[in-house]
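Could you build all of it, start to finish, from the sequences and the hints given here?
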Amino acid sequence: MKQERLSAKDTLHLYQNRAQELESIIQQENLVSLPKQKVKIRLATVKEYGNFPVPLYNPESNTFVIPVLPNPKKAKKYNDFTNPAMSWTLTVHEARPGHDLQFSTIENQNLSKARTDFAANATAIEGWATYTESIMQPYMPLEGKFMSLQFQLLRAARAFLEPELQLGEITPAEAMQVLTKDAGFSKFFAQQEIRRYTSLFPGQAPSYFYGYQQFLQLRSQVEQMQGKEFDAQKFHDLILSQGFLTPKLLQRIIPAQISSDSSQDS
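Read in numbering that gives the first Met the number 0, the sequence shown has 93 at position 94, and its numbers run on one by one without any break.
These aren't lab readings, by the way, just hints derived from the structure by calculation. Do not rely on the hints blindly, as some may be mistaken.
With a Cα cut of at most 27 angstroms, we get these calculated BS3-like pairs of lysine-lysine [claimed, not checked]:
no.: 1; residue 1: K39; residue 2: K112
no.: 2; residue 1: K180; residue 2: K37
no.: 3; residue 1: K233; residue 2: K144
no.: 4; residue 1: K144; residue 2: K180
Since we're looking at a predicted model, the values are computed, not measured.
Put into C-alpha cells, the structure is as follows:
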C-alpha cells in the first residue's frame, strides 16, 4: 500500500477530501459535535520541513500541516504518509475528530485560562487524538484499518523506546530496528522519531499511548455507569467542555457530572 505514493498536489487534495469524508461519518454516527470552522490543511513550507519533517497540527493557526519531500528521489524512501491508506488515520488524528476538533471546540467555548493555557498537557492533547483513532477505526475501509493498526504499533513502541533510550537501556540503532523492522516505518521517519525521543521533545512521545489508555478507561467507566443509556456524542462533548484537563482529572469529574445530570433528569 505504501508503494502507492502521490505527488505533493495530489497528497494535499487527498487529505482535504478525506477530511470531508470523515466529517460526514462523524455526523452520521453522532460521534461528537462538529465546530463551525472548516478544517484547514496545507503542505509544509521548506522551513517547516527542515525543522521537523513529520505531519503535525499547528494550534496557533489551527492548521493540519503535511510534509512532502521536495526531492522526488528521496520521497520514494519516505512513503509513510503520501499514500491513500494512511490518510484515514492521520486525518483523524490531526484534523477531526482529533486535534483540530479538540482545539476548535475548546476555543469556541471561551473557557478559562486555567482549563486551557495553564492546563494544556500532552497526555490530554495527544491522548485525545489517539483515542479518536480508535473510535473512527470501525468506519474506515480495510486498508485504513490496517494502517491505523500500524500507528497503534508506533504508539506502543514509543511508550517503551523513549524511556529506554533516555536511561541508556537500548541504543539508537536498536530503536531503529524496532521502528523499521517491527513497526514497518521508513528509515527516514524512524530517524525523526529517535530525534523526537532524545532531543527534540523528550517526554512527549509516551503521552500518546498513556493518554489513549486513560481515555479508554474513562469511557469504560462511563459505559458501565450508563449501560444502554450511554451516548457517545454527549460523552465526547462533555470531555471537550472541560478544556485540556488531564484524563486523571476527567476520571474524577466526568462520572460525577453524569451522575448529577441523571439525578436532575429523574
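Verification of the hints:
1. K39 - K112: It holds: about 25 angstroms lies between the C-alpha atoms, which stays within 27 angstroms.
2. K180 - K37: violated (38 angstroms)
3. K233 - K144: holds (25 angstroms)
4. K144 - K180: The hint holds at about 20 angstroms.
Checked against the numbered hints given earlier, this structure breaks only hint 2.
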